[in-house]
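K.L.:
If you're matching them up, the sequences are chains A and B in order.
Position 208, counted from 1, in the first sequence is what this note's numbering calls 304; the numbers after and before it change by one each time, with no gaps.
Position 241, counted from 1, in the second sequence is what this note's numbering calls 353; the numbers after and before it change by one each time, with no gaps.
Since the hints were made in silico from the structure, they are not lab data.
Please note: incorrect hints may appear among the correct ones.
Derived DMTMM-like pairs (lysine to aspartate or glutamate); straight-line CA-CA distance at most 20 angstroms [as the list claims (entries may be wrong)]: (1) B:287 <-> B:178; (2) B:234 <-> A:125; (3) B:340 <-> A:109; (4) B:340 <-> B:324; (5) A:121 <-> B:347.
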Amino acid sequence: MCVFALFVTSCEEGPSGPHPSLELKTIYDEPPRTGIQVEVSGRMIVHGPVVTMTSTALPKDSIFSSEIHLSTSSININSTPTLRLVFKTLPTAPGSFAFTAATAVVGNGNYVPSSDQGAFVSTAGNLYGPVSGTITITEVRKDGEDIIGYSGYVNGTLKAVFPRGFTTSTAQPYPPGFSVANPTLVGETLTLHSAVFTTRSPSRVRPTRPQ
Amino acid sequence: MVLVLMFLAFAINAVAMEHAVQVVDSTGQKDTVGFAAAEPAKEKYVLRVGPTIGIVSGAIVLENADGRKVNPDVWFMQNYGVMIFAPFTSGSSMGARLDIGITSVGTRTRPYEFYDSETDWKGYVIERYSHFTIAPQVSLFGVMMGAGFNFPMKGEIWHPERSDNKYVVDRNTMKMAIDVRFGGAINVWNSSLGILTIDLLAKYYVTGLYEDGTYTNGFPVTNLGVPKASTKTSDLINLTPVSIQLGLSYQFKLGL
Chain A
97 MCVFALFVTS
107 CEEGPSGPHP
117 SLELKTIYDE
127 PPRTGIQVEV
137 SGRMIVHGPV
147 VTMTSTALPK
157 DSIFSSEIHL
167 STSSININST
177 PTLRLVFKTL
187 PTAPGSFAFT
197 AATAVVGNGN
207 YVPSSDQGAF
217 VSTAGNLYGP
227 VSGTITITEV
237 RKDGEDIIGY
247 SGYVNGTLKA
257 VFPRGFTTST
267 AQPYPPGFSV
277 ANPTLVGETL
287 TLHSAVFTTR
297 SPSRVRPTRP
307 Q
Chain B
113 MVLVLMFLAF
123 AINAVAMEHA
133 VQVVDSTGQK
143 DTVGFAAAEP
153 AKEKYVLRVG
163 PTIGIVSGAI
173 VLENADGRKV
183 NPDVWFMQNY
193 GVMIFAPFTS
203 GSSMGARLDI
213 GITSVGTRTR
223 PYEFYDSETD
233 WKGYVIERYS
243 HFTIAPQVSL
253 FGVMMGAGFN
263 FPMKGEIWHP
273 ERSDNKYVVD
283 RNTMKMAIDV
293 RFGGAINVWN
303 SSLGILTIDL
313 LAKYYVTGLY
323 EDGTYTNGFP
333 VTNLGVPKAS
343 TKTSDLINLT
353 PVSIQLGLSY
363 QFKLGL
């Protein structure tokens, strides 16, 4: 239909851009409390066949050597963050970074999604890997050569490795469509409509120079 | 689509009927030669075709999720297309009308009570949706009734002070929306070339614009925009706007 209408106006697929209802800082007055400020590091709106459309506040963040983690709870080296942004090389300037479609790899005895660039979302007990989308960095805060913070937003489509509820059995060790020779994500799709973030943690990372 | 086909079938049938009447008239001329001068001249069947433009449009959503508010939004010159009017009979002011074009609908939304650190309509977002619309209607002496089939092209949500930073809606979440419409076309200038009309049109998008459960401002929130606990799928709303439009059309007369 858009082909017929292209000459007068444009069609856009989306999702793209920062959702304006995702505010990171809100000041509110609700007597007797006044001037109260609520601030979080990020917020995201996700939705999928098994995830009801909702937004999630991400008050915790951390920057690692090639990743930005944003989470609902404290972040440590062993935790699985709610939103994990992976880069081939940690950005040193604003720009757009397209997802690399994830494949399934064996990790901790299970198949998990793996990609060298993109967003990973952990929600409702399931882990979703990147299929298509973009991470947009709008601001890089530096102290000398060290990176101390990022601002930006993410939009895209993600997928789980296996369909939710699938259990391995002798008769059916893998779900339909899954190939051990070429393991791809065959689970349900999750749309990351928009995630907006500004890191607040005292991170200090020196990006690895490309070899 | 069925209504469009019915419209086209009607238009073709009307033209064919008119031609048949002229053939019968010509075969009967031998017996009525003496009275031919007293008969009124047959009016030609005139199809009208021309451009339409919505000068000013306004819309508001009828339902908002718990914790959110909506207000009307107004915009200019964003609806345009072409129309065809096929009268039921020669010279009749009753007929079928088909509008095809680009239409926009939208609303202003306050995502939650303390949005933008404001407690009033100083803080809001604009939602605007563009569709390719095919709208068959019946026009009775300028009063129009019908339906529109709206195929999604683009959906955008933005803060009015940050309009260069728009959120583009996932088009896969938008569906072919059906509107029911009622309006009027007032003739303001009639010449041998065509008719200029002022069109007033009200529409209600009965199906909503989104697939179920996919509207990003459709879930209930608290005063601070936090999703309400134990939100169920049934709590999610769709976007069901009503709109009104004042526009112009120039209808060229095509005599057959």
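K.L.:
Now tell me, hint by hint, if it's right for this structure.
P.N.:
We went through each hint and held it up to the structure:
Restraint check for residue 287 of chain B and residue 178 of chain B: the C-alpha separation of about 23 angstroms exceeds 20 angstroms, so the hint is violated. Proximity of residue 234 of chain B to residue 125 of chain A is assessed by CA-CA distance (about 15 angstroms); at most 20 angstroms being required, the pair is judged to hold. For a cut-off of 20 angstroms, the pair hint linking residue 340 of chain B to residue 109 of chain A is broken: about 29 angstroms separates their Cα positions. Using a Cα cut-off of 20 angstroms, the hinted pair residue 340 of chain B and residue 324 of chain B holds, with the two alpha carbons roughly 19 angstroms apart.
Our distance criterion of 20 angstroms between C-alpha atoms is broken by residue 121 of chain A and residue 347 of chain B, whose separation comes to about 26 angstroms.
The structure does not agree with the numbered hints 1, 3 and 5 stated previously, though it agrees with the rest.
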